[in-house]
Amino acid sequence: MSFLPYAVAAWVCVVGLYGIVTSRNLIHLALCLTITQSSTYLLLLAIGYVKGGGPPIFKGVKLGTTTVDPVVQALTLTDIVVSVTVIALILALALDVHKQAGTIDPDEIREMSG
Amino acid sequence: MTRRVRIWIFLPALAGLAALLVWGYLGIPGFGDYHGPYGFVLDRLATPLRHMDNVVNATTYDIRGFDTLGEEFILFAAVIGVVMLLRDTDEKPEMRDEVESDLVRVFGTLAVGGAILVGLWLVAFGFVTPGGGFQGGVAIAGGAALVYLVAGYRAFAAFGDEQVLDPIKGVGAGGYVVIGLAALVSGLPYLTNLFSGGAVGTVWSGGSAGFVNWAAGMEVAAANLILYAEFLNQYIVPIARRS
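Protein chains in written order, with this note's numbering: chain A, 367 to 480; chain B, 35 to 277.
Derived by calculation from the structure, the hints in this document are not laboratory data.
Glycine included, every Cβ here is placed at the ideal spot set by N, Cα and C.
Misleading hints may appear alongside valid ones.
Claimed, not checked - Using C-beta positions, here's what the derived DEER-type ranges look like:
id	chain 1	residue 1	chain 2	residue 2	range
1	A	Thr-469	B	Pro-201	34 to 40 angstroms
2	B	Pro-201	A	Ile-393	28 to 34 angstroms
3	B	His-69	A	Ile-393	38 to 44 angstroms
4	B	Thr-143	A	Thr-469	37 to 43 angstroms
5	B	Thr-236	A	Leu-370	37 to 43 angstroms
6	B	Glu-132	A	Lys-417	48 to 54 angstroms
7	A	Gly-385	B	Ala-233	47 to 53 angstroms
8	A	Lys-465	B	Thr-36	23 to 29 angstroms
9	B	Phe-107	A	Asp-462	19 to 25 angstroms
10	B	Thr-36	A	Ile-393	18 to 24 angstroms
11	A	Leu-370	B	Pro-201	46 to 52 angstroms
12	B	Ser-277	A	Ile-446	35 to 41 angstroms
13	A	Thr-431	B	Glu-132	49 to 55 angstroms
14	A	Val-381	B	Leu-218	42 to 48 angstroms
As the list claims (entries may be wrong) - Now the stretches of chain B that chain A is said to cover, found in silico as 3 or more residues with beta-carbon under 8 angstroms:
id	segment
15	90-102
16	152-166
In isolation and in its complexed conformation, chain B is listed as follows (with noise of 0.2 angstroms):
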């Protein structure tokens, strides 16, 4: 199919989307005047009910926390994916650390323990203050992966580890099934918050959650180096044949 036969059909079909769209707008309210009822109702319970400040996290994590148990598994699946892509060879090739200026270095190390330590900070607090497991997790993996850009590959690899990341990946994932099942055994519903007793405005607000919240800040972190490494091996395995 040539380019100008994929625009011509594209066409009739842009239309239909600008009909659907315009049809969708004029149903919905205008900017800044939503008075859904979901998210009000949220704001009202969450703190008095989970002991939770920020409603974003307790609406992800607790209170929505089955369907973020779908989106957990999309990650877990698409990371699986490239995985399987990418590794036809398993090779680990020997490189020397290609940074060499002492002081990008030693700054850069005390970036990557910072840029982890935010990222820690942002899983542990999630249920009050912004961030959460996702964003937290995202965090530490973008710290690790500073460790390329300081020293270089070998550095990096220690990170990019699978024998590592593979099991707390799958601890994240898994961990995050059990803790529903551990509301199941006791006779609720799945994923239901237990002992959600924490004291608002603290590490331990989030009650079950708060494990849950944890399980997704591993899942994301692993899966999210898992991505780097594999990617990074693609890049470097041709230079390290060629010298």
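Pulled out of the complex, with its shape left as it was, chain A reads as follows (with noise of 0.2 angstroms):
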């Protein structure tokens, strides 16, 4: 069962892809993309765990013990807490199609004018 964590991950991606692509609310549209991205963050801690490895912090741990990989850790929650606040930005901007168009279905949105 060694792929299914990349299995998970992929399947992840793809599930946020479909509500993406037969999405008929922004909003929903916005939460599918967080799911895509989350997809990312499962796939990188995954490459980087390793066998028996315990967390990176050499608080009271000898150095040289065995540790999952802190890179794609840094990678990963550094990207969370950007992520927040660009799905406001996307939410934000569907705030703005409801005042302008009046709707939040993408199909009801007959022209994107500027």
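Need the complex rebuilt from these two chains, each delivered in its own frame; the hints are there to steer you.
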């Protein structure tokens, strides 16, 4: 079962993409985008996992102890925080679309005018 | 474009993605068998070289600090975008605090203090134990957002005041850049960790990356609070207009 976490990451990615493509609501669409993005966290952390590895924190732990990869964790933690603000930006855009067009169904927004 | 058309366009793209994923997955090590060099090198170097126990944060704020600078500015730009899109009204409705239960107010207020304290602790000891500017910043903002839940909009408005938050966010983002410049002025590469001589396992263990850590914490906390305040305003203003 050594491929299961990778398969889950791929599944989460595709589920999110499917949601984006079939979405009838811009807020739903934004959340689907978050789900797709979360699949990258799963993939990164799965790649960085080392069998029997502890957390990469050496407070009270002997140097040289096997740990999981700290680099992918650093990538993931900054991205989680940054993604929240980017999703906020997308939601703000959805609010703006609602004010302009009166709907947040992407199919009903006839034209995207500036 | 109708839904059906979109799905038909999506299917070939999905097949392409599946092919890419399978191709990529065949080339990566099995789960738990990772033997890439960087993480292992960092594990051995971060504590002796940088005096930091938490290798994740040593990576984020010191060794990969330049990359995090870029991410900070994505966050900075996104928040400015939100503020520009949503600031169609500067209206600050006068509202009574909605929460009337004394019990909720008292224990809630205690929880606010506790949450903010935890956030500060997460930032301060980011190089020793799990935590750091990003995580602590979110915790601090979360603590302040609790004010809305336990008291109401009027009480939260003091925490969500952009006159206060904008400078904090700016100092956080600008401070990061300036700390990097300090190394440049000393004739070292940008964002080199200066005086990283603090004792291992203490608040001071980060050297100048400690300031970077605090700058990130300030920016993340202020940015999140600005977002909360902006979206809350979108919700509150129509209610206030109706009543």
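Do the hints match the structure? See the list:
1. Distance hint check for Thr-469 of chain A and Pro-201 of chain B: the Cβ-Cβ separation is about 38 angstroms, which falls inside the suggested range of 34 to 40 angstroms.
2. Checked against the hint of 28 to 34 angstroms, the C-beta distance between Pro-201 of chain B and Ile-393 of chain A comes to roughly 32 angstroms, which is consistent with it.
3. The beta-carbon spacing between His-69 of chain B and Ile-393 of chain A, approximately 43 angstroms, falls within the hinted interval of 38 to 44 angstroms.
4. Between Thr-143 of chain B and Thr-469 of chain A the beta carbons are some 41 angstroms apart, a value that agrees with the proposed interval 37 to 43 angstroms.
5. About 41 angstroms separates the C-beta atoms of Thr-236 of chain B and Leu-370 of chain A, a value consistent with the hinted range of 37 to 43 angstroms.
6. For Glu-132 of chain B and Lys-417 of chain A, the hinted distance range of 48 to 54 angstroms is satisfied, since their beta carbons lie about 52 angstroms from each other.
7. With their beta carbons about 50 angstroms apart, Gly-385 of chain A and Ala-233 of chain B fall inside the hinted range of 47 to 53 angstroms.
8. In this structure the supplied range 23 to 29 angstroms holds for Lys-465 of chain A paired with Thr-36 of chain B, their Cβ-Cβ distance being about 25 angstroms.
9. Look at Phe-107 of chain B against Asp-462 of chain A: about 23 angstroms separates their beta carbons, and that is inside 19 to 25 angstroms.
10. Separation of Thr-36 of chain B from Ile-393 of chain A is about 21 angstroms and conforms to the stated range, judged on CB atoms against 18 to 24 angstroms.
11. Between Leu-370 of chain A and Pro-201 of chain B the C-beta distance comes to about 48 angstroms, which sits within the given range of 46 to 52 angstroms.
12. Separated by about 38 angstroms at the C-beta atoms, Ser-277 of chain B and Ile-446 of chain A satisfy the suggested range of 35 to 41 angstroms.
13. Restraint check, Thr-431 of chain A to Glu-132 of chain B: a C-beta distance of roughly 51 angstroms satisfies the suggested window 49 to 55 angstroms.
14. For the hinted restraint 42 to 48 angstroms between Val-381 of chain A and Leu-218 of chain B, the CB-CB distance of approximately 46 angstroms keeps it satisfied.
15. Interface restraint, the segment 90-102 of chain B with chain A: holds (7 residues with C-beta to C-beta distance below 8 angstroms; minimum three).
16. Remark: the segment 152-166 of chain B is confirmed as covered by chain A, as 4 of its residues place a Cβ nearer than 8 angstroms to a Cβ of that chain, reaching the required three.
Consistency note: the structure conflicts with none of the earlier hints.
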